[in-house]
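Chain by chain, the residues run as shown.
Number of protein chains: 2
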Amino acid sequence: MSDATREIEALIDLMARLPGLGPRSARRAVLHLIKKRGALMRPLADAMAGVAAAARECLNCGNIGTSDLCGICTSAKRQNGQLCVVEDVADLWAMERGQVFAGRYHVLGGTLSALDAVGPEELRIPKLRERVAREDITEVILALNATVDGQTTAHYIAEELEATGVAVTSLAQGVPVGGELDYLDDGTISAALKARKTF
Amino acid sequence: MSDATREIEALIDLMARLPGLGPRSARRAVLHLIKKRGALMRPLADAMAGVAAAARECLNCGNIGTSDLCGICTSAKRQNGQLCVVEDVADLWAMERGQVFAGRYHVLGGTLSALDAVGPEELRIPKLRERVAREDITEVILALNATVDGQTTAHYIAEELEATGVAVTSLAQGVPVGGELDYLDDGTISAALKARKTF
Ligand SMILES: [Zn+2]
Ligand SMILES: [Zn+2]
Numbered sequence: 001m002s003d004a005t006r007e008i009e010a011l012i013d014l015m016a017r018l019p020g021l022g023p024r025s026a027r028r029a030v031l032h033l034i035k036k037r038g039a040l041m042r043p044l045a046d047a048m049a050g051v052a053a054a055a056r057e058c059l060n061c062g063n064i065g066t067s068d069l070c071g072i073c074t075s076a077k078r079q080n081g082q083l084c085v086v087e088d089v090a091d092l093w094a095m096e097r098g099q100v101f102a103g104r105y106h107v108l109g110g111t112l113s114a115l116d117a118v119g120p121e122e123l124r125i126p127k128l129r130e131r132v133a134r135e136d137i138t139e140v141i142l143a144l145n146a147t148v149d150g151q152t153t154a155h156y157i158a159e160e161l162e163a164t165g166v167a168v169t170s171l172a173q174g175v176p177v178g179g180e181l182d183y184l185d186d187g188t189i190s191a192a193l194k195a196r197k198t199f
Numbered sequence: 001m002s003d004a005t006r007e008i009e010a011l012i013d014l015m016a017r018l019p020g021l022g023p024r025s026a027r028r029a030v031l032h033l034i035k036k037r038g039a040l041m042r043p044l045a046d047a048m049a050g051v052a053a054a055a056r057e058c059l060n061c062g063n064i065g066t067s068d069l070c071g072i073c074t075s076a077k078r079q080n081g082q083l084c085v086v087e088d089v090a091d092l093w094a095m096e097r098g099q100v101f102a103g104r105y106h107v108l109g110g111t112l113s114a115l116d117a118v119g120p121e122e123l124r125i126p127k128l129r130e131r132v133a134r135e136d137i138t139e140v141i142l143a144l145n146a147t148v149d150g151q152t153t154a155h156y157i158a159e160e161l162e163a164t165g166v167a168v169t170s171l172a173q174g175v176p177v178g179g180e181l182d183y184l185d186d187g188t189i190s191a192a193l194k195a196r197k198t199f
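Chains A and B are the protein sequences, given in the same order. When the count follows full-length UniProt numbering, it moves up by one through the first sequence with no breaks and lands on 199 for the last residue. When the count follows full-length UniProt numbering, it moves up by one through the second sequence with no breaks and lands on 199 for the last residue.
Just so you know, these hints were derived from the structure itself, not from any lab. Treat the hints with care, as some may be off.
The list treats identical chains as interchangeable, and a pair is accepted whether it falls inside one copy or across any two copies.
Calculated lysine-lysine pairs in the BS3-like style (CA-CA distance at most 25 Å, straight line) [stated by the list, open to error]:
1. K77 - K36
2. K77 - K35
3. K194 - K36
4. K127 - K36
5. K35 - K127
6. K35 - K194
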């Protein structure tokens, strides 16, 4: 087998590790890339290298950016006072696509899980307490997935924040039982945010 | 919106152009890559850049390699005399996975199509005639997809080669009607090759 094939096989193996791509679709994707190596493969490799070098987690909220504090945390255009708590950066992106939330975010990095031994310290929950105490927060909106672990985590955070006097609300109508934010359309997210209720 | 987000959005847009990935799965893939930027994203960017720089079509058979002649065309281990004609490099890869063919290949680069105005000159058919005349070929195995265009192309090539006296065979049992080689399991391809019949 030639070096060419080994190089291409190595690329296929790496591509197959992406979510949503198996070995077969990875092969098809690599072949497509090779056919379009000037128009697609080279720009994609460059973009990937650029993001790999620049991307980092925001030290404040856990969002992804290119500096220690993300664009949302540092933006003067975002409204102070409201913090939207999400499980994952994908959920933050889903909220942003809805374009109905003007406040800032807090990305937990997962949910509490007894099964997987994920406690509050494994998530960004201590940091959330710190932000609520330090920043001028009046409302914490829990935009967690409507799963058992998501709702367990929401209850835990609501209790944790009870003594601080901050209003704790959660996304309400529109989030189907068992549904995950990242799979909802923008309109559903928008409706759920507008109809949010006190937790 | 920060530069970070624009860089990441640009990467998502490029990823969404891969076959099998839509905007949503491209976002998930990019997020996964960012989370694993050391272990996966950086190696993937490097592998992609490497293949983009090195890959080229074999001048003889149309296979993908890193030099003017591919590893299969130049390998002394491949048997002379048999040429397997396929539509696409993906089909060549599928044949190779079966590990039952020891000869060499000829990649047409598509099929004849009246609808899309693809004639013999748009494919590697003149080159196939040249190889049959120049190389010591005794058998041309037509491993084309069992689609209308694939079979039209097979008939055309069989007629073209009739005067040369070379044996023209085609994959037989095992290839389902309307089936595409790249979607078949290795056992099916192996059976079809062994039971090949004179075209
Ligand atoms: Zn931030
Ligand atoms: Zn070749």
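These are the hints, each one checked on the structure:
1. K77 - K36: neither (40 Å within a copy, 31 Å between copies)
2. K77 - K35: Classified as neither; 44 Å inside a copy, 28 Å across copies.
3. K194 - K36: Result: close neither inside a copy nor across copies, 45 Å intra and 35 Å inter.
4. K127 - K36: For K127 and K36, only the inter-copy Cα distance (23 Å) is at most 25 Å; the intra-copy one is 45 Å.
5. K35 - K127: So K35 and K127 pass the 25 Å test across copies only (20 Å; inside, 47 Å).
6. K35 - K194: neither (47 Å within a copy, 31 Å between copies)
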